[in-house]
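J.: Let the sequences and hints guide you as you build the complete structure.
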Amino acid sequence: MRQLGWKIDLSKCIGCKACMEACKFENNTTLDLRVNYRWVTEVERGRFPEVERVFVPLACNHCADPACKRSCPTKAITKRASDGIVLIDQEKCVGCQACVMACPYGAPQFNRVTKKVEKCTLCVHRVEAGLGPACAATCVGEAISFGEDFRRWGDPPPEFADPRQTRPSIEFVR
Amino acid sequence: MAKKNPPLSELDRRTFLKATGAAAAVTAVAGLPAAAAGQPGRYTGQLPDTPDTSPAVNHVRSVCLQCRSDCGLTAHVRNGVLMKVDGNPYHPNCREPDEILPYDTDPAAAGGERGRMCPRGQAAPEVLYDPLRITRPLKRVGPRGSGRWQSISWEQAVEEICEGGNLFGEGHVDGLRALRSFDPIDPAIPELGPKANQVVVMVGRMEEGQTDFNDRFWGKSYGTINFRLPHDTICELDWFVGAGEAGAANRKPDFLNCKYLLNFGGNYLEANFPMQTVARKIVAGLKARGGKLVVVDPRMSKVAAKADRWVPVKPGGDIGILMGMIRWILENHRYNGQFLRTCSAQAATAVFGTDRKGKAIQTHSSAAWLVITDPAHPHHRKFLRADEAGLPGGTSSEFVVVTGGSPQRNTQVATVASVDGVDLFYQGTVNGIAVKSALLLLRERAQEKTYAEYADVAGVDVDTIVTLAQEFTSYGPAAVADAYRSVVKKSRGTYQAFAVGILNVLVGNIDRIGGLSAGGGKYNTTNKVVDVTNVPGGVTPAGVGLTREKDYTPANVPNLIARDGYPPRRPWYRNKVWQEILPSIQDGYPYPVKCLITYWANPVYTIPAGIVQEATLRDRSALPLFVAIDINLNETTRFADYILPDGSYLERWGTPGAAPTVVTKVSAWRQPVVGTYDKGTPQERDASAPFDVDAPNEYIPYHPQTKTLEDIYIAIGKRLGLPGVGANAFVDGGSLDRAWDFYKRVLKNLTADANASGLSVTEADVVARGGVFQPPEDAYDWSTGFLLNRQNGRNNVYSENWATYLNARTVTAWDPVTGKPLDGEYFDPLPRVELRSFDSLGRPLNPDPLPLLLTTYKPAFHTQSRTIVCPSLQMHLPESLVEMNTADGLARGLQDGDLVRVFSASNPQGVRGRVRLTEAIRPGVVAIANSLGHWAMQSSPYEVDGQPQDYDPGRALGVHGNVLMKVDPVLGDMPLTDPLGMGSVFFETRVDVVKA
Numbered sequence: 000m001r002q003l004g005w006k007i008d009l010s011k012c013i014g015c016k017a018c019m020e021a022c023k024f025e026n027n028t029t030l031d032l033r034v035n036y037r038w039v040t041e042v043e044r045g046r047f048p049e050v051e052r053v054f055v056p057l058a059c060n061h062c063a064d065p066a067c068k069r070s071c072p073t074k075a076i077t078k079r080a081s082d083g084i085v086l087i088d089q090e091k092c093v094g095c096q097a098c099v100m101a102c103p104y105g106a107p108q109f110n111r112v113t114k115k116v117e118k119c120t121l122c123v124h125r126v127e128a129g130l131g132p133a134c135a136a137t138c139v140g141e142a143i144s145f146g147e148d149f150r151r152w153g154d155p156p157p158e159f160a161d162p163r164q165t166r167p168s169i170e171f172v173r
Numbered sequence: 000m001a002k003k004n005p006p007l008s009e010l011d012r013r014t015f016l017k018a019t020g021a022a023a024a025v026t027a028v029a030g031l032p033a034a035a036a037g038q039p040g041r042y043t044g045q046l047p048d049t050p051d052t053s054p055a056v057n058h059v060r061s062v063c064l065q066c067r068s069d070c071g072l073t074a075h076v077r078n079g080v081l082m083k084v085d086g087n088p089y090h091p092n093c094r095e096p097d098e099i100l101p102y103d104t105d106p107a108a109a110g111g112e113r114g115r116m117c118p119r120g121q122a123a124p125e126v127l128y129d130p131l132r133i134t135r136p137l138k139r140v141g142p143r144g145s146g147r148w149q150s151i152s153w154e155q156a157v158e159e160i161c162e163g164g165n166l167f168g169e170g171h172v173d174g175l176r177a178l179r180s181f182d183p184i185d186p187a188i189p190e191l192g193p194k195a196n197q198v199v200v201m202v203g204r205m206e207e208g209q210t211d212f213n214d215r216f217w218g219k220s221y222g223t224i225n226f227r228l229p230h231d232t233i234c235e236l237d238w239f240v241g242a243g244e245a246g247a248a249n250r251k252p253d254f255l256n257c258k259y260l261l262n263f264g265g266n267y268l269e270a271n272f273p274m275q276t277v278a279r280k281i282v283a284g285l286k287a288r289g290g291k292l293v294v295v296d297p298r299m300s301k302v303a304a305k306a307d308r309w310v311p312v313k314p315g316g317d318i319g320i321l322m323g324m325i326r327w328i329l330e331n332h333r334y335n336g337q338f339l340r341t342c343s344a345q346a347a348t349a350v351f352g353t354d355r356k357g358k359a360i361q362t363h364s365s366a367a368w369l370v371i372t373d374p375a376h377p378h379h380r381k382f383l384r385a386d387e388a389g390l391p392g393g394t395s396s397e398f399v400v401v402t403g404g405s406p407q408r409n410t411q412v413a414t415v416a417s418v419d420g421v422d423l424f425y426q427g428t429v430n431g432i433a434v435k436s437a438l439l440l441l442r443e444r445a446q447e448k449t450y451a452e453y454a455d456v457a458g459v460d461v462d463t464i465v466t467l468a469q470e471f472t473s474y475g476p477a478a479v480a481d482a483y484r485s486v487v488k489k490s491r492g493t494y495q496a497f498a499v500g501i502l503n504v505l506v507g508n509i510d511r512i513g514g515l516s517a518g519g520g521k522y523n524t525t526n527k528v529v530d531v532t533n534v535p536g537g538v539t540p541a542g543v544g545l546t547r548e549k550d551y552t553p554a555n556v557p558n559l560i561a562r563d564g565y566p567p568r569r570p571w572y573r574n575k576v577w578q579e580i581l582p583s584i585q586d587g588y589p590y591p592v593k594c595l596i597t598y599w600a601n602p603v604y605t606i607p608a609g610i611v612q613e614a615t616l617r618d619r620s621a622l623p624l625f626v627a628i629d630i631n632l633n634e635t636t637r638f639a640d641y642i643l644p645d646g647s648y649l650e651r652w653g654t655p656g657a658a659p660t661v662v663t664k665v666s667a668w669r670q671p672v673v674g675t676y677d678k679g680t681p682q683e684r685d686a687s688a689p690f691d692v693d694a695p696n697e698y699i700p701y702h703p704q705t706k707t708l709e710d711i712y713i714a715i716g717k718r719l720g721l722p723g724v725g726a727n728a729f730v731d732g733g734s735l736d737r738a739w740d741f742y743k744r745v746l747k748n749l750t751a752d753a754n755a756s757g758l759s760v761t762e763a764d765v766v767a768r769g770g771v772f773q774p775p776e777d778a779y780d781w782s783t784g785f786l787l788n789r790q791n792g793r794n795n796v797y798s799e800n801w802a803t804y805l806n807a808r809t810v811t812a813w814d815p816v817t818g819k820p821l822d823g824e825y826f827d828p829l830p831r832v833e834l835r836s837f838d839s840l841g842r843p844l845n846p847d848p849l850p851l852l853l854t855t856y857k858p859a860f861h862t863q864s865r866t867i868v869c870p871s872l873q874m875h876l877p878e879s880l881v882e883m884n885t886a887d888g889l890a891r892g893l894q895d896g897d898l899v900r901v902f903s904a905s906n907p908q909g910v911r912g913r914v915r916l917t918e919a920i921r922p923g924v925v926a927i928a929n930s931l932g933h934w935a936m937q938s939s940p941y942e943v944d945g946q947p948q949d950y951d952p953g954r955a956l957g958v959h960g961n962v963l964m965k966v967d968p969v970l971g972d973m974p975l976t977d978p979l980g981m982g983s984v985f986f987e988t989r990v991d992v993v994k995a
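From first to last, the protein sequence lines are chains A and B. Numbering-wise (numbering that gives the first Met the number 0), the first sequence opens with residue 0 and increments by one. Numbering-wise (numbering that gives the first Met the number 0), the second sequence opens with residue 0 and increments by one.
These are calculated hints, taken from the structure and not from any lab test. Quick caveat: nothing in here was measured; it's all calculated off a predicted structure. Just so it is clear, CB atoms sit at the ideal spot from N, CA and C, and this is done for glycine as well. A couple of the hints might just be wrong.
[As the list claims (entries may be wrong)] Here's a subset of chain A near chain B, in silico, CB distances under 8 Å, partners left out: (1) Ser10; (2) Ile13; (3) Gly14; (4) Lys16; (5) Glu90; (6) Val93; (7) His124.
T.: Given below as structure tokens:
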């Protein structure tokens with residue numbers, strides 16, 4: 000089965016958050032600004048002057064074994080056989096937030112306006128048109144790219160939840 | 000309404016992986032119209048279409064203006080609604096040369112092609128559709144700053160501003176008609192010029208196209224010498240002055256080919272020029288190619304986090320590293336002697352040849368030129384001229400070097416052998432005049448301090464300086480030293496900028512591939528076909544500018560000196576100085592101002608300690624009429640008598656170029672992406688209809704009660720009957736009735752020049768692609784190793800210009816007959832260590848006893864004062880933080896997230912904010928991100944026509960570092976200012992932090 004997902008080059012992420020803005024306007028998540036399908040975190044490690052700042056762009060990882068899908072009581076969450084994209088159908092979601100609790104990556108987010116949970120669609124509307132996700136298209140440092148077939152996770156940042164749980168479709172390189 | 004700091008966002012409390020980037024403090028404004036326009040929305044089992052490929056979506060290419068980088072943009076417009084903004088794939092800011100969309104790609108088929116764009120730029124729809132934006136003309140009804148307004152028609156606004164009268168029930172106010180007088184302001188001091196100069200145009204953010212129009216209108220149609228006072232001195236002017244003295248003002252590394260980049264404080268991955276383009280060239284270019292990056296900065300900026308080496312320098316101590324490196328390079332003969340010996344354009348061509356376009360390489364250096372060192376000589380400290388040297392045929396425009404043991408006119412050194420024979424360190428006498436070479440003077444200066452002393456200045460060890468010097472000189476001309484505002488915003492910061500420039504001269508990287516690039520420049524937009532700057536029957540502005548951009552000498556201002564003597568009441572400069580405008584108005588010096596017109600300007604917020612200038616805006620006797628052209632009630636415009644709203648940057652034309660980061664020529668085409676035209680619009684026309692450059696294109700912005708800047712000026716000009724407006728406004732006899740009458744000529748100029756430069760483009764091509772872009776293959780000449788677009792000029796290690804420039808404020812004695820000064824201090828022709836702060840009389844200030852030094856910076860998702868209107872940008876940092884080293888915080892009993900008070904000597908009350916303790920900053924330093932902590936910008940209640948208006952308290956969250964900054968103790972009304980570079984001082988304020 001084909002599986003789409005992310006290839007993230009942490010050496011190139013500059014933490015600028017252009018990806019978040021691209022996602023927000025592409026997917027129209029402006030009604031509730033707290034909802035971000037993609038986000039960027041920063042980790043600071045070490046003591047002055049031996050310090051490291053690492054920026055990590057994150058989103059739904061469209062896991063091979065998605066915990067959200069298992070948790071959903073209304074079967075609103077599906078995983079497409081054609082490309083492995085995990086989607087939450089807003090018509091079927093009742094906003095119980097079981098998936099919010101289940102996901103180890105914080106991807107599903109409760110929208111205070113619609114009272115439902117939504118998340119990254121991997122820009123499925125663009126994928127269908129033969130294009131890549133909006134975040135990858137804009138990424139200023141070329142850190143985010145769109146990939147296929149994830150058998151390994153590369154070199155995840157240390158706080159990244161154990162990928163053996165849900166088998167996320169993401170590979171980190173540095 | 001009392002505002003209360005909210006708790007730190009959940010983001011900071013959550014664990015790393017649960018963090019979702021969202022924040023609680025943002026006061027969301029209403030959803031954007033995009034939501035109703037068919038933008039892809041939440042997944043409902045059916046796929047929405049994508050704006051890139053939907054036939055219902057227009058793709059309009061224009062230019063961003065969230066910052067000054069001018070990246071091209073692609074606007075996705077559906078049914079007249081802007082849904083999303085991306086980069087323009089044709090524009091070299093938005094794509095690297097290997098991925099840029101070829102110019103011959105059909106724009107109609109390029110919908111799926113997106114250029115890259117930074118977060119600020121992508122928030123564009125929130126600027127356009129900001130529900131709190133000012134969208135109709137306003138007139139104050141209460142006292143200035145009372146927040147009470149009435150909406151008025153454009154006709155009323157233009158009439159009142161032009162005709163004056165008892166406009167506010169407070170007595171008579173002169174209008175623009177009465178003020179346009181060409182009688183002298185003061186018959187006893189005619190050099191001040193005509194009364195029309197008492198109308199002053201203060202500009203915050205105005206760009207090419209608009210500036211051309213503005214200057215012709217206020218300068219040549221209206222006739223004030225103060226036709227445009229730009230914000231440069233709170234921006235990079237002192238960097239341009241300092242680095243420019245080494246050769247050319249605005250240069251950048253050729254990032255794509257550079258192998259070693261030594262960056263003194265440039266905030267490459269967050270701000271800089273253009274942030275996205277530089278950032279990509281660093282992380283996906285230089286670093287990915289194995290190039291080496293060193294960042295000198297007391298704060299571990301994001302680029303420092305990506306560097307091979309972070310040097311956490313003592314704030315302001317960069318000059319220690321710079322001078323130490325210069326000393327080591329000269330003493331160890333690690334300079335590029337061949338380049339330093341190319342003492343003329345002729346010498347350069349002899350050594351370097353001609354590029355593949357047939358253009359001679361003329362990049363040369365004055366390092367070997369002789370300087371007169373005899374203090375008794377009338378031209379002491381100047382370069383020796385060839386006629387003074389008694390050289391046969393020598394003229395006063397030629398200089399002298401010693402080659403093969405004898406003095407020679409620099410222009411006659413035109414063979415490789417004679418270049419090789421040039422003495423770089425000559426000392427002796429020529430024609431009886433004691434001289435030394437410029438490079439020798441530099442070496443002597445560098446040797447005035449030991450390496451240990453330099454290391455102490457910088458707060459680093461000697462090994463670091465030596466290592467940096469060794470590394471920097473190990474890559475030939477593919478090593479570059481760069482900096483930006485960080486090194487110059489100090490009271491003698493211009494010398495630091497010169498030192499950075501000199502490092503580049505020493506390795507001879509100027510105009511070289513991988514070296515220092517002057518950029519590609521832009522095409523001719525002003526006079527290739529029609530000179531749009533020419534006003535038939537217009538005026539030539541005359542006199543002294545309000546901020547006195549002339550030398551205070553008897554030749555320039557004899558009657559003023561006869562009246563005032565020395566030192567002048569306020570400083571005089573060599574450029575327009577923004578932080579001087581309001582204080583000069585308050586002082587009525589050199590003359591009273593009758594009308595201030597601001598354009599997208601916010602001095603109260605953006606000038607260091609600008610808040611001390613607020614009182615002038617309230618003072619109706621010092622400032623009788625204040626008209627603000629703006630789309631916000633910002634910290635400054637809230638005091639205006641009238642607000643005239645123009646459009647956002649998405650509703651105007653313009654012709655911005657690109658920063659020298661781009662080594663090819665760029666003339667981008669900014670144009671409206673929404674709004675309505677009469678007919679045949681460039682954007683909404685049938686795709687098959689040909690573009691008609693001569694259509695009227697009467698343009699109405701998205702909010703119909705707003706006007707383009709040009710249309711506002713045209714309305715004023717027609718009311719006053721000014722030349723250059725209406726009929727016969729242009730040299731071709733054409734009329735100026737609407738903005739397009741100007742821009743269609745600009746477009747024809749641009750197109751004609753592009754074609755004359757070997758391209759083949761039509762006006763329609765330019766409009767469809769958002770500009771003209773020289774192809775990337777015209778960047779490099781690999782056989783000579785030079786860039787094809789070059790500065791091609793002289794590069795200095797010694798400034799004759801500064802050596803002969805007297806700081807008039809330091810003069811205490813003068814000849815009462817001639818007005819000539821008898822003492823006073825000349826500026827230093829060489830960089831020097833100067834860590835002290837100085838007042839405006841040139842006297843060092845006593846050291847400030849507070850223990851911590853304040854620094855500020857731009858985050859990647861904000862620019863100065865305007866971007867706070869974007870909720871999605873507010874989201875990234877709901878309240879700015881007071882960042883300090885953990886050890887400094889613990890020593891004060893602080894924990895991360897505590898509410899603290901930061902205060903300074905000039906602001907003992909201080910400001911309150913949350914502290915962030917971090918290891919990524921040098922101890923002793925406090926950093927505050929710019930752009931937050933507003934106290935206006937529709938963040939608090941105000942009234943229009945008696946009705947309370949919506950406002951967003953979220954815009955007021957956080958702290959603003961500028962309010963803490965140091966005030967000149969002599970003048971008391973402006974920040975410390977470098978008299979040479981004219982920059983306002985941001986980085987010399989000491990503070991302390993206590994628990995609030």
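J.: Indicate, hint by hint, whether the structure satisfies it.
T.: Taking the hints in turn, this is what the structure says about them:
For A:Ser10, the interface hint holds, the least distance from its beta-carbon to any beta-carbon of chain B being 7 Å, beneath 8 Å. Here the hint on A:Ile13 is kept, as its CB sits about 4 Å from the closest CB of chain B, short of 8 Å. Hint status for A:Gly14 relative to chain B: holds, with the closest Cβ pair at about 6 Å, below 8 Å. This hint holds: A:Lys16 has a C-beta 5 Å from the nearest C-beta of chain B, less than the 8 Å allowed.
For A:Glu90, the interface hint holds, the least distance from its beta-carbon to any beta-carbon of chain B being 5 Å, beneath 8 Å. At about 14 Å, the closest approach between the beta carbon of A:Val93 and any beta carbon in chain B exceeds 8 Å, and the interface hint on this residue is violated. For A:His124, the interface hint holds, since its Cβ comes within 8 Å of a Cβ in chain B; the closest pair sits about 5 Å apart.
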